Amino acid sequence: MQIVIIGNGAAGNAACAAIRGTNAEAKITLISDESFPFYSPCVFPMYLSGEVERQRLFLREVDDAMRVTRILGKKVLKIDVKNQKVLLEDEELKYDSLIIASGSKPIIPKIEGIDKLGVFCLKTIEDVDRILAYGGKRVAVIGSGPIGVEAAIALRKRGLQVSIIELMDRILPRLFDKKPSNIIEGIIRENGIKIFTDEKVVQILGSERVRGIETDTREIKCDVAIVAVGMRPRAELAKSAKIKIGGLGGILTDERMRTSVENVYSCGDCVESYDIILGKNTLNLIWPNAVLQGEIAGLNCLGVNKRYRGFTNVVCIDIFGARAVSLGHPVVLVDEKDGLEEIERAYGKIYYKIILKDGNIMGVQSIGEIKDIGVMFNAMGKRIKLQEIKKILGKREFVYTSPWLAKLKRYV
Amino acid sequence: MARKVEEICVNKMKVLVIDPEACTGCEICELVCSLGKTGACRPSLSRIKVVRIENEGVHVPIVCMQCEDAPCKVACPVNAIERDSKTGAMIIDESICIGCRACTIVCPYGAISIDPKSRKAQTCDLCGGDPLCAKWCPSAALMFTNEVSADMLKRRAVGERVAQLILKSRSQ
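In order, the protein sequence lines correspond to chains A and B. For the first sequence, our numbering begins at 1 and goes up steadily by one. For the second sequence, our numbering begins at 413 and goes up steadily by one.
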């Protein structure tokens, strides 16, 4: 059995581990166009801020036990699905099962001057190295998704002057509603980062190197510009092999992570995944989702029938020591607004908000206090209504049947 | 990775069983847990927590359940969480953990806490195969038994409850 995996990220490596855990004989080959060993981009903010050393980016080396042949630094040129072959620059590999875990790539917006020296995006370890090597005292971050905000905070911790420019009316627009977003904004501002919301970047100034950014209302002086406006699935390779791509730009798979082509599986950021809360396909480009899908793809290519039941958004951001958690989706992302109900509570430095639709929990946003929020996440995934939780906790016999809900008593 | 049923029976792996009905809420488990882990009786540092629902007079000890498909292991972005092959406990490697709390926000039991000093995640490691909480629990609300008898205990408890209900409805 010859299994080829494209991509050396969370999904690819989770697939490796799942395959080796079940089958000792299968020959696994992993190809990546990056020449670095398996690393975790989730550690980038801590590395950027100088809290951890570079070595910590790389994850535990388990290749000996896994017996994986890694071909690093080489691009896959073509997938020949008819003859079940993967073509590299100087060799070709036959496969019985192929797992595409090619991940995602940053969106580069069409802004004048985006190709100037000092403009970076933030996706790979090379990007981080380049940012750190470039130097500069003033940084402007374009886009305020989790990557932009975490990068801004990390660079601020390094002592740089940082500003964030956001097109929408609030920061972290896909994770938080207006009020929690404003609270987060307040904490970030207190720590000396400038935030400009509702502003569109017109052009990047400077002759050869970046000297500033012009928005529709002002000019911001900076030496470094970090573009963090979002990620898109890397699905070109699959597209050229005539594998079905969905409307959002990700590879389409069934619940066993099989693509439209036989013996080809796909998992991770390059896939459109089912969202259990919204009940439709979304792009859920987060680490746990990639690991979950990778495991399922790995097991299914060995013939083990394991299904992906869907996942949802779960993000935790460190805002200068205060933790902000977003589970599920904010109000703007819920399609039908009928029957929406919002429960908000704030005391001291703690704030939380629960979004309900017909009693079902659609999203939870919490700042400051994150203990026990996993129980909420689990209840959300199981579609347990908030009313039901209240009912269960109100009667001794019910508590005995599902005691784990006891930790939710402060939310009901 | 899913362990096979035969493997469990051969290894006679033991599990920590919680019976909230038997719990009196004395919190001795919290004391011995913190004593064993930190050398001081500080319930706030305990890895097992007794949740009290005062209105109903119910106490629920909550601790890591060592899930088969553990969400914490999936969520950890640095692969710091591994299952111990001997005890079956999920072990968080402190030297790898970056304190990002991804595990705490997905744990379905809320059983992972953050050590206030090291800022790293910590959870029950079954005390290396002999959990103090179960040893010292005075009301048998916490028991450390092998998986098969744990199932039997639960089944028996449900059976007894159903039997009581039947008897009650007959007498009415």
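No lab work stands behind these hints, which were simulated from the structure alone. Being a predicted model, the structure only gives us computed values, none of them experimental. Be aware that one or more of the hints could be misleading.
Stated by the list, open to error - Here are some of the chain B residues that sit facing chain A, going by a computed Cβ distance under 7 Å:
| no. | residue |
| --- | --- |
| 1 | VAL472 |
| 2 | CYS479 |
| 3 | ALA482 |
| 4 | ILE510 |
| 5 | MET564 |
| 6 | LEU565 |
| 7 | ARG567 |
The C-beta atom is built at its ideal place from N, Cα and C for all residues, glycine as well.
For each hint, the structure was consulted:
A least Cβ separation of about 4 Å between VAL472(B) and chain A falls short of the 7 Å threshold, and the interface hint therefore holds. Annotation: CYS479(B) was flagged as interfacial toward chain A, and the flag is violated, the nearest CB pair being 11 Å apart, outside 7 Å. Checking ALA482(B) against chain A: minimum C-beta separation of about 11 Å lies over 7 Å; hint violated. The closest approach between the C-beta of ILE510(B) and any C-beta of chain A is roughly 6 Å, which is under the 7 Å cut-off, so the hint is satisfied.
Nearest Cβ of chain A to the Cβ of MET564(B): about 18 Å, over the 7 Å cut. The hint is violated. A least Cβ separation of about 14 Å between LEU565(B) and chain A goes past the 7 Å threshold, and the interface hint is therefore violated. Below 7 Å, beta-carbon pairs count as interface contacts, and ARG567(B) has none with chain A, the closest being about 14 Å; its hint is therefore violated.
In this structure, the earlier hints numbered 2, 3, 5, 6, 7 are contradicted, and the remaining ones agree with it.
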